[in-house]
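Colleague: Please take these sequences and the hints and turn them into a complete structure.
Chains as they are written, first to last, in this note's numbering: chain A, 1 to 145; chain B, 1 to 116.
Just so you know, not all the hints are guaranteed correct.
List of simulated lysine-lysine pairs, BS3-like, C-alpha gap at most 30 Å [said to hold, decoys possible]:
#, chain 1, residue 1, chain 2, residue 2
1, B, 90, B, 12
2, B, 12, A, 40
3, B, 71, B, 6
4, B, 6, B, 112
5, B, 55, B, 6
6, B, 12, B, 78
7, B, 78, A, 143
8, B, 21, B, 71
9, B, 55, B, 21
10, A, 40, B, 21
11, B, 78, B, 21
12, A, 40, B, 55
13, B, 90, B, 71
14, B, 90, B, 78
15, A, 143, B, 90
16, B, 55, B, 71
17, B, 112, B, 55
18, B, 6, A, 40
One side of the interface only, derived from the structure: several residues of chain A facing chain B at Cβ under 10 Å [what the hints assert, rightly or not]:
#, residue
19, 24
20, 39
21, 42
22, 46
23, 49
24, 76
25, 115
26, 119
27, 120
28, 122
29, 123
30, 124
31, 125
32, 126
So the derived label-pair ranges between C-beta atoms look like this [said to hold, decoys possible]:
#, chain 1, residue 1, chain 2, residue 2, range
33, B, 14, A, 125, 47 to 53 Å
34, B, 9, A, 10, 42 to 48 Å
35, B, 38, A, 78, 47 to 53 Å
36, A, 125, B, 41, 46 to 52 Å
37, B, 43, A, 93, 40 to 46 Å
38, B, 30, A, 90, 26 to 32 Å
39, A, 8, B, 99, 37 to 43 Å
40, B, 33, A, 5, 43 to 49 Å
Simulated from the structure, these hints should not be mistaken for laboratory data. Glycine is no exception: its CB is placed at the ideal position from the N, C-alpha and C atoms.
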Amino acid sequence: MTTTDQRQMELTLPMVPDIEIAAARAAGNLARELGMSSEKVDEMMHAVIEACINAREHGYCADNRIYLRFVGTSQGEGRRIDVWVTDRGKGFDPDDERSRRAAPGTAHKRGRGLQLIEAHMDEVDISTSRDGGTTIHMVKYEKKS
Amino acid sequence: MTEELKVAVERKPNGAVLYTKGYINNVGGEEIANRAYELMDDGVRTLLLNLRDTKIVNSIGISILIEIIEKMMEQGGKIAFCCLTPVIHKTFQIMGLANYAAIFENEETAVKELTL
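Modeller: Shown next as structure tokens:
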């Protein structure tokens, strides 16, 4: 029989400059408590930062808040951390966001945050609708060594 | 809540090294750009960015670094990076920086290879 250890945290943060650092640190602390390696923690923290920036850039919402939920689970030989980053803004088009390029010589140097999120996390699911807000759910896994 | 980036400059015989400390976001990226452009205006054409004390970069900061690389390339110079954390190295590769700027594991190797 395997035991399951689960830790949860919820945060509501104002959309102010650099607030993504507070969100990333909170997620990082939870992942470290769970025993995740520093490389996995760093990757997840960078993804959380980009998700919060995305909320700030595309949110344009009246409540001016970012809602975060972290669930860390340790079970048997594996660990995982689920992160939800939600805003109540006007939504965005993920395909349009993905099509942007940031290389020298190209017009769009910004807007690669989504690609970074997808590269740094193992699973990413985006629910977004016009004026219905956005939730980015992302998962990072690690097998226990 | 602000995370201020500190930038230090060391002039070398054939260029300069910029040392960053802290979060490279829009404000931090602009700070690096200002220092880099000052050096370029002063004739520096080889610039090494040592990120040993930077643990987090975001996509906006990286877009500014790309603009610095572009400007240096227009002037026939080159920019390189060293001392990146594994996640920043991975991020630079995803964002395409690694295609336009050399990345070195440590400063000693970078200075030697760039003949700074």
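Colleague: Each of the hints needs a verdict: does it hold here or not?
Modeller: Structure-based check of all given hints:
For the proposed pair residue 90/B and residue 12/B, the alpha carbon gap of about 28 Å is at most 30 Å, so the pair holds. Taking the CA atoms of residue 12/B and residue 40/A, the gap is about 36 Å. The hint is violated against a cut of 30 Å. For the proposed pair residue 71/B and residue 6/B, the alpha carbon gap of about 22 Å is at most 30 Å, so the pair holds. At roughly 25 Å between alpha-carbon atoms, residue 6/B and residue 112/B fall within 30 Å of each other, so this suggested pair holds.
Restraint check for residue 55/B and residue 6/B: satisfied, since their Cα atoms lie roughly 13 Å apart, inside the 30 Å limit. Taking the CA atoms of residue 12/B and residue 78/B, the gap is near 15 Å; set against the 30 Å cutoff, the hint holds. Note on residue 78/B and residue 143/A: the hinted pairing is violated, with a Cα-Cα distance of about 41 Å set against a maximum of 30 Å. Straight-line distance between C-alpha atoms of residue 21/B and residue 71/B comes to about 23 Å, which keeps the hinted pair within the 30 Å bound.
The hinted pair formed by residue 55/B and residue 21/B meets the criterion: a straight-line CA distance of about 9 Å does not exceed 30 Å. A threshold of 30 Å between alpha carbons decides the hint, and for residue 40/A with residue 21/B the separation of about 22 Å falls inside it, so the pair holds. A C-alpha spacing of about 22 Å is found between residue 78/B and residue 21/B, which places the hinted pair at or below 30 Å, so the restraint holds. Restraint check for residue 40/A and residue 55/B: satisfied, since their Cα atoms lie roughly 14 Å apart, inside the 30 Å limit.
Between the alpha carbons of residue 90/B and residue 71/B the distance comes to roughly 23 Å, so the proposed pair stays at or under 30 Å and holds. Between residue 90/B and residue 78/B the alpha-carbon distance is near 21 Å, which keeps this suggested pair within the 30 Å criterion. For the hint linking residue 143/A to residue 90/B, the alpha-carbon distance of about 20 Å falls within 30 Å, and the restraint holds. Pair hint residue 55/B plus residue 71/B holds up; C-alpha atoms about 25 Å apart against a cutoff of 30 Å.
Taking the CA atoms of residue 112/B and residue 55/B, the gap is near 25 Å; set against the 30 Å cutoff, the hint holds. The hinted pair formed by residue 6/B and residue 40/A meets the criterion: a straight-line CA distance of about 26 Å does not exceed 30 Å. Nearest Cβ of chain B to the Cβ of residue 24/A: about 7 Å, under the 10 Å cut. The hint holds. Contact between residue 39/A and chain B, as hinted, is supported at the beta carbon level, the nearest pair being about 6 Å apart and thus within 10 Å.
The beta carbon of residue 42/A is positioned within 10 Å of a beta carbon in chain B (closest approach about 4 Å), and the interface hint is therefore held. A distance limit of 10 Å between C-beta atoms decides the matter here; for residue 46/A the minimum to chain B is near 6 Å, and the interface restraint holds. At about 5 Å, the closest approach between the beta carbon of residue 49/A and any beta carbon in chain B falls short of 10 Å, and the interface hint on this residue holds. Interface restraint check for residue 76/A: the shortest CB-CB distance to chain B comes to about 27 Å, outside 10 Å, so the restraint is violated.
Annotation: interface hint on residue 115/A holds; nearest CB of chain B at approximately 6 Å, less than 10 Å. Because the beta carbon of residue 119/A sits about 5 Å from the nearest beta carbon in chain B, less than 10 Å, this interface hint is met. The closest approach between the C-beta of residue 120/A and any C-beta of chain B is roughly 7 Å, which is under the 10 Å cut-off, so the hint is satisfied. The interface hint given for residue 122/A is violated, since its Cβ lies 14 Å from the closest Cβ of chain B, which is over the 10 Å cut-off.
A least Cβ separation of about 17 Å between residue 123/A and chain B goes past the 10 Å threshold, and the interface hint is therefore violated. Contact between residue 124/A and chain B, as hinted, is not supported at the beta carbon level, the nearest pair being about 14 Å apart and thus beyond 10 Å. Residue-level restraint check for residue 125/A is violated (minimum Cβ-Cβ distance to chain B is 20 Å; threshold 10 Å). Proximity of residue 126/A to chain B is violated relative to the hint, the smallest CB-CB distance being about 16 Å (cut-off 10 Å).
Checked against the given bound of 47 to 53 Å, the beta carbons of residue 14/B and residue 125/A, roughly 50 Å apart, stay inside it. Distance hint for residue 9/B and residue 10/A: a CB-CB separation of about 43 Å, consistent with the stated range 42 to 48 Å. For residue 38/B and residue 78/A, the Cβ-Cβ distance of about 50 Å falls inside the hinted range of 47 to 53 Å, so the restraint holds. Under the hint 46 to 52 Å, the C-beta atoms of residue 125/A and residue 41/B, about 47 Å apart, fit the expected range.
At about 45 Å, the CB distance of residue 43/B to residue 93/A agrees with the hint of 40 to 46 Å. Separated by about 27 Å at the C-beta atoms, residue 30/B and residue 90/A satisfy the suggested range of 26 to 32 Å. Taking 37 to 43 Å as the suggested C-beta distance range, the pair residue 8/A and residue 99/B conforms, at roughly 41 Å. Between residue 33/B and residue 5/A the beta carbons are some 45 Å apart, a value that agrees with the proposed interval 43 to 49 Å.
In summary, the numbered hints that this structure violates are 2, 7, 24, 28, 29, 30, 31, 32.
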